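So you can see what is in the structure, the chains are spelled out below.
Number of protein chains: 4
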Amino acid sequence: MTETKKGRIVLGQNNYGKSEVRVFRVKRDTERHEVWDLDVRVSLEGDFEAAHTEGDNSKLLATDTMRNTCYALAKDKLTGSIEEYALALIDHFLEAGPTVTGCRVEITQYLWERIEVDGEPHEHSFIRQRGERKATVRGDESGARSVEAGIDDVYVLKTTNSGWENFLRERFTTLPDTNDRILATIVTAKWEYNTHEGIDFDRLWNGVMEQTLKTFTDHYSPSVQNTLYRIGKAVLERFPEIERIWYSFPNVHHIIYDLERFGIENDKEIFHATQDPYGQIEGWVERA
Amino acid sequence: MTETKKGRIVLGQNNYGKSEVRVFRVKRDTERHEVWDLDVRVSLEGDFEAAHTEGDNSKLLATDTMRNTCYALAKDKLTGSIEEYALALIDHFLEAGPTVTGCRVEITQYLWERIEVDGEPHEHSFIRQRGERKATVRGDESGARSVEAGIDDVYVLKTTNSGWENFLRERFTTLPDTNDRILATIVTAKWEYNTHEGIDFDRLWNGVMEQTLKTFTDHYSPSVQNTLYRIGKAVLERFPEIERIWYSFPNVHHIIYDLERFGIENDKEIFHATQDPYGQIEGWVERA
Amino acid sequence: MTETKKGRIVLGQNNYGKSEVRVFRVKRDTERHEVWDLDVRVSLEGDFEAAHTEGDNSKLLATDTMRNTCYALAKDKLTGSIEEYALALIDHFLEAGPTVTGCRVEITQYLWERIEVDGEPHEHSFIRQRGERKATVRGDESGARSVEAGIDDVYVLKTTNSGWENFLRERFTTLPDTNDRILATIVTAKWEYNTHEGIDFDRLWNGVMEQTLKTFTDHYSPSVQNTLYRIGKAVLERFPEIERIWYSFPNVHHIIYDLERFGIENDKEIFHATQDPYGQIEGWVERA
Amino acid sequence: MTETKKGRIVLGQNNYGKSEVRVFRVKRDTERHEVWDLDVRVSLEGDFEAAHTEGDNSKLLATDTMRNTCYALAKDKLTGSIEEYALALIDHFLEAGPTVTGCRVEITQYLWERIEVDGEPHEHSFIRQRGERKATVRGDESGARSVEAGIDDVYVLKTTNSGWENFLRERFTTLPDTNDRILATIVTAKWEYNTHEGIDFDRLWNGVMEQTLKTFTDHYSPSVQNTLYRIGKAVLERFPEIERIWYSFPNVHHIIYDLERFGIENDKEIFHATQDPYGQIEGWVERA
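Chains as they are written, first to last, in my numbering: chain D, 1 to 288; chain Z, 1001 to 1288; chain U, 2001 to 2288; chain L, 3001 to 3288.
Hints may be right or wrong, so weigh each one.
Going by beta-carbon spacing under 8 Å, a handful of chain L positions derived as facing chain U [said to hold, decoys possible]:
no. : residue
1   : VAL3117
2   : LEU3157
3   : LYS3158
4   : GLY3207
5   : LEU3259
Think of the hints as simulated: they come from the structure by calculation, not from any bench. Since we're looking at a predicted model, the values are computed, not measured. No residue lacks a Cβ here, since even glycine has one placed at the ideal position from N, Cα and C.
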């Protein structure tokens, strides 16, 4: 510790762990195999002061040990949902490090479907789907646990039934109103469960995905904000186990290409799918 | 031109064009919309000597003009397969540039499926699939055209029925034999048609995709090489319109994690999906 | 609002804005040009309830207007540091939206150095450097402002004077001790200023970068944690304007390749630079 | 082999090998360490018919063996340029596989500079630079060798002394002329040496890099094509060891943002650095 005019300098909040642990599991006790394909990130909090200020590693679990542990526990604990596996990892790490007080496990699950051959799903051959399933589970030494599930990289689009009108106009506003545009977004979502016991995490994840897609399609969207709220509300109405849900919707702009200057009519048929600046709309929908 | 000991310095093979032209089309003449989502690259060859050596641009089509053209022609020509649209672009560019002698159009088509709502495909809402459809079409002023179709980024995996045994052993060989491993690869394919007329490009692309997946699942794979050959052969036997086909198969290694050292049995259940060096197997299968 | 068993469903915290606004400025009033190359992200908070729940956009600034504003204000306000430009944007947006209560501006500045020709820096030709300068500035309608500066994507490595010994050993620990390893990390840093007035942000950013690199080199590192603390402490001791600083250090593992099995000695000369799981060490160093 | 209407189906050109072998070497025989940081890709051609058609692996070198070999040979052979290391790998692989007839080794070298501390380059601490050095070396059993060196990901920009005027105008042309624009490109280059013996590959690579940057700055550019030709010509005039050189120049467009509509003058000061479609100009400059 050092004295300066501004006071002592100290270690603040800190954490460490292992990232990109790529656990792959095959369930092969019958002919019909199942797979789990995970990217696991473990992060520990605790009293790591001695390591930082004294170079004393004696109370530190090596991140290499964390990696070994993710694989070792997969054998018995990765048999159902990623949320349950994460809860087991947290129980373990809170025990394993003598000075650990909190643990966070973040999992990305890559999605594999069975290859269909002549209309039949294959027993042991799979094809990767777009989209990711996420879970972030936190726990501390008091026994508290919180479970957050999520969706990432699900790209959806509707070609009509969306507009953007009657917005605020001021000095720097140049965008015209429209009541018929393309709405395209790459869904990121996360939601919190109001308990971590007795939840069927797989059923709920599939249900949130299904409801998100369904509500996306079922209304005229006057703004991304309104669509976000409608989707969140539909999810909360359907699943009482979910306390609140957050969506992040980039607005991937599809701009009508000006073909009139070439004497070609373009009645919302030909668009430029721009990679340039995009809107970003984010918000929680929750229970009051 | 400059004289040196080594002789004159001259312009060699050259080409120029526009990349990442993101053409998006909606067919909306009925309630049931269709979409095309493309990344187009245009490349011209010809006598561009004056531009390079004299700074004389007078015979050069601007790349910005190429971009405008891709959108303008989409109106009438992007109504079926990307191969037919590419052929139309080539006809146009061979006319448009006074010194153009050859043209190549490369298209990546992003794949969108209808969102299913209560089991019914939606009229105007879509979700992006993993995998890409590709086409590369070349043409020259003599009227010659060649059409190459392709697949990219299709990630497949089988959890058994694959091995790697009895390979060459020498000083630097340490890998053990196995007759039961995970086989995982990200398919890149391209194939050449023996004509560009009268081909149903959409039906054939779907057929090659289906056959590639089917053959991937249907045999014990003694090596990636053998699986590559089997798949290529099955495609050529089924589709006489295809002259030859090439696959590139990265071998995405899934390594059994050593749990025995922790007293845990691991009978091909727990793997590390490594991002480290991977094998790469590439080859053509063709008609003699 | 809807009544359920679980209570009403309401809009929670939310924000919206524009991302990837790529503002490029040239200062060209003398022969010696200067450039700013920015990626700007604007995010607004406020009372956007009507837009979400009623589809009423009348109080919403369009994200397209935000984009226009970033460019328009660049003319007069982007003449010094990115922090000062961000502060100006915040003042503007807090005024521009009638229901806006808070604003966050995040800027990534890409770094360009002058090309050296025959030892002289060129007047108007530049080459992009690796590494990014970051700033995140927040403000609210009460007049409060907070300024956070940062560094990203600075990849450093030392080939000796680093180890990892005497750490905790338990059931799943297999890593051997070492007192001479390669230490490699990609620096991400952020720090908070204790005021936003009278700060020479450019001088301080350069100073933090210089000190970070210097301290990285100047000691035997018994752990990434200890090096992180030493660097943070050195920065805080040198710059009283900085209240606290956070580093994130991925531990990019370089693993000695086993050549002994081939009869080749490998005394810390030949390594595998793995892309597989990496350690991640993060923490704040701050004033007590 | 199979008989069809279209004739027998056979194996065509094929190759296999290992990619992303991340060899890192430290030279540590003095206090002043040196580092090589490589991504190596090995690819073999030969008579691999039996593996493809019969599943007979007995003549195949495993790609895992290739990986081991890259590390093993690094000990004695990676002591100078990457071109010399690649030549040694090729000699080895042409011997190691009984049916190998050709070999290609592609290397990307990541660039590290010494960290400067108080104006002095550090003995064993390094910082990664932007830009990559490339080499592709090919050899066959006849003893023939070809060496191609290259540059990648060097991003340069000039804020003036560039234009695009008097180009072809036709139906779809909308771009106005300019005699003062920003020219920005990400340099990819490759060049062929007319021998592989007695060449100082390191000196030449540095020389080509220096000349490329210098010529980029030293003239009014009427087109990317003309600048490409000038740079290639300057390189060939300076280095007689180089037979021909190829550049690929994406034209990264910087578009003047229209501020006049807001009553703000914009005399080539404020630009949008677009990520949308870009021009792509490619060509060889060679000796006649």
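Each hint tested on the structure:
no., hint, result
1, VAL3117, "holds (5 Å)"
2, LEU3157, "holds (5 Å)"
3, LYS3158, "holds (5 Å)"
4, GLY3207, "violated (14 Å)"
5, LEU3259, "holds (6 Å)"
Checked against the numbered hints given earlier, the structure breaks only hint 4 and satisfies all the rest.
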